[in-house]
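Protein sequence lines, in the order shown, are assigned to chains A and B.
Positions 1 to 605 (this note's numbering) are the ones given, in order, by the first sequence.
Positions 1001 to 1136 (this note's numbering) are the ones given, in order, by the second sequence.
Just to be clear, a hint being listed does not mean it is correct.
Stated by the list, open to error - Simulated pairs of lysine-lysine, DSS-like, Cα-Cα distance not exceeding 25 Å:
id: 1; chain 1: A; residue 1: LYS462; chain 2: B; residue 2: LYS1090
id: 2; chain 1: A; residue 1: LYS225; chain 2: B; residue 2: LYS1075
id: 3; chain 1: B; residue 1: LYS1075; chain 2: A; residue 2: LYS462
id: 4; chain 1: A; residue 1: LYS225; chain 2: B; residue 2: LYS1103
Source of the hints: derived by calculation from the structure; they are not laboratory data.
Quick caveat: nothing in here was measured; it's all calculated off a predicted structure.
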Amino acid sequence: MQPILKVNLTTGVTSEYVIPAEWERDYLGGASLAARLLYPVLTLDLDPFSPESPLLFLNGPLSGTAGPAVGRFVVCGKSPATRLWAESNCGGFWGPELRFCGYDGLWITGKAERPVYIWLSDGKLEIRDAAAVWGKDTYESQSIIKSEIGVPGAHVLTIGPAGENGVLFAGLLCDHGRAAGRTGLGAVAGSKNFKAIAVKGTKKIPLAQAELFAPLRSTANCALKEDNLSHVFHDLGTASVADYADYLGALPKKYFHSGTFEGVGKVSGSTMAETILAGTTTCHACVIACGRVVRLEDGAKRKGPEYETIVNFGPNLLNDDLAAITRLGELCDRYGMDTISAGGTIGLAFHLFEKGVITKKDTAGLVLHWGDVKAVEQLIHLTARHEGIGNYLAQGSKRFGQHFEAEEEAVQVNGLEVAYHDPRGFSGMALVYATSPRGACHNQSEYFVVDMGQADSSLGLKFYDRHAGAEKAANVAHHQDWQTVFNALVMCIFANVPVETVAALINTACGLDWGVEDLFCAGERAWNLKRAINNRLGLTRANDKLPKALLEPYHDGGSAGYVPPFTEMLDAYYMAREWDPETGKPTSKKLAELGLEWVAQDLWK
Amino acid sequence: MATKFPSPAWLQTLSDKLNADERYAQIARNWEGDMCVVIEPSGPLTEQQFYYLDLWHGKCRKTEILKDLSGVKPKYVLTATYDNISRIMKGELDPMQAMMTRKLQVRGSMAYMMRNVPTVLDFVRCAREVTTEILS
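Could you build the full structure based on these sequences and the hints that come with them?
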């Protein structure tokens, strides 16, 4: 791989960091390598908003190679929302462009005296004044910076006002609306007076065996383009699953408190395709093109919402207006806020208003009635600006609940709002949410697709009933390991690429001779390393839990009456993982098996 | 009567089943569209086979064994090897699993398909229930 460029915003000093070869081999890249690099830095007393707090942008060994759906990058650090491991990956073209500059990553520390942005062109870096874009939204900022640079083909990753104002679920956006949304790293950037990074490069991506990689890449892309799931994502976007998820009772409604909502069919990916869809967008060299472009009543084309945004601002708030959902998603994008956490926290506000826990006194007269889009829009503005009740919404649902003495009502795990794949519909998601290294995340394992049927035997996955219990715990762990490989490469989780193909691409890109077992071992190693980081940050078994709402049965819908047998599932998961049930740490034996003796010495000293 | 899959008798029995099954009639009441199941040679099957079914509002209006796909434009074309499709018929392979793990190729309107997954799954249930014997 190529070096990482370190930038200290306090001093303006830059340096190249060469990644040790054995770390490249053991962790591949992306989030896994970031965990290895940041392990010593992420300490319990590190304030995520301090100058010392790192922001590590990292590619993987396949990023930018035009391989199958590998145009993504990750950003990692310590989350201000969870105060645990932070990881968020993002599509578009920015990550590959960074690699074309001759760097596989950017490691930012320090704090600039005044707002700045970075302009990296091939090997040349400038730290520029960002006064003209500070306070501007993410779309405007990208446009202004591109125009200021004046170099065609430059890509800009930026925060919005939410990041500047310290909203704990602020993200970073590039290529119009591609978002690294989760875990609040946009707020970390804001705390550094760090607005944006523009990149443009012309260098070649290094490949160990380029002549072997090229035909493999081509064959893999052709196969991926013909895959059923690629057709579904291309035609319908990520919201393709909405109708079926609703049928199964796995699509949350009314802040996870209702099993049915008549309007679901009006907001699905199928409906979007048949009504407002005007085109598609892709990430770098992707053959799927799941991104949506829609045209609303004003005639303008805009980004169409993804599944999470649709459910979040739709059935979650009992809203069935697809145009309104599109606009609310755009508002969050412009402010630079994660839509899952924004909608989740606003959902909690509606829920508590209905219960009488909060009143018009708390909302400055705003009435929060389910389905009231104008009220939702108002809360988004207040959140991004830290005004009125927005001061509490901006801290996410856990702290919002704490403020109103109703923390148990917040549908979150360890400070991250639960995504919209209900464990009462797909029981595997109970373990995924409870044990994810970054809080209630669906991208560390989108196990709901395995529960739906994507149990690929070539991966060693078995197909269990969607409501099976402890017997599927080891399967969940296995799938998490596989997805950890994706997050290392950094490969899109929608890419249904055979494991042998993934191994061959890695081998020819990195000069390795790995089989399927080696891939899973790398995934398991990084999964345990992230766990160890969180253990060092104070995480114990007590953190592996689900919020109250997810352990109460729905009265209607496709999963009525069911709750996952969570305690038994977690016990079985610990057995499968070989984690210590008392402390929640990986055992020394397991760590040694994975080549992490140095972690065992640190964790068990 | 034993109905060996795949065979003309099997296709007729499936048609009869679809037209008599109350559960299918209810679940598929809004389904509008024909399909062709293409069975690729593997195992004991040495030639491609094309099984056509015209499905409409919970009933099967027509079936036919075709020579190829020329002359028809079915709403859906489902393609799988004989080995994989016989595993589906025997209940050894879940149809969703087959579609999601590259064992059953689906071509046609994905918007319509994703709205009607329960219909597709119930169609497979009926097909399984009439399959008493598999070509070996």
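Here is how each hint holds up against the structure:
1. Restraint check: the Cα-Cα separation between A/LYS462 and B/LYS1090 comes to about 18 Å, which is no more than 25 Å; the hinted pair holds.
2. Note on A/LYS225 and B/LYS1075: the hinted pairing holds, with a Cα-Cα distance of about 20 Å set against a maximum of 25 Å.
3. About 32 Å separates the Cα atoms of B/LYS1075 and A/LYS462, which puts this hinted pair outside 25 Å; it is violated.
4. Note on A/LYS225 and B/LYS1103: the hinted pairing holds, with a Cα-Cα distance of about 15 Å set against a maximum of 25 Å.
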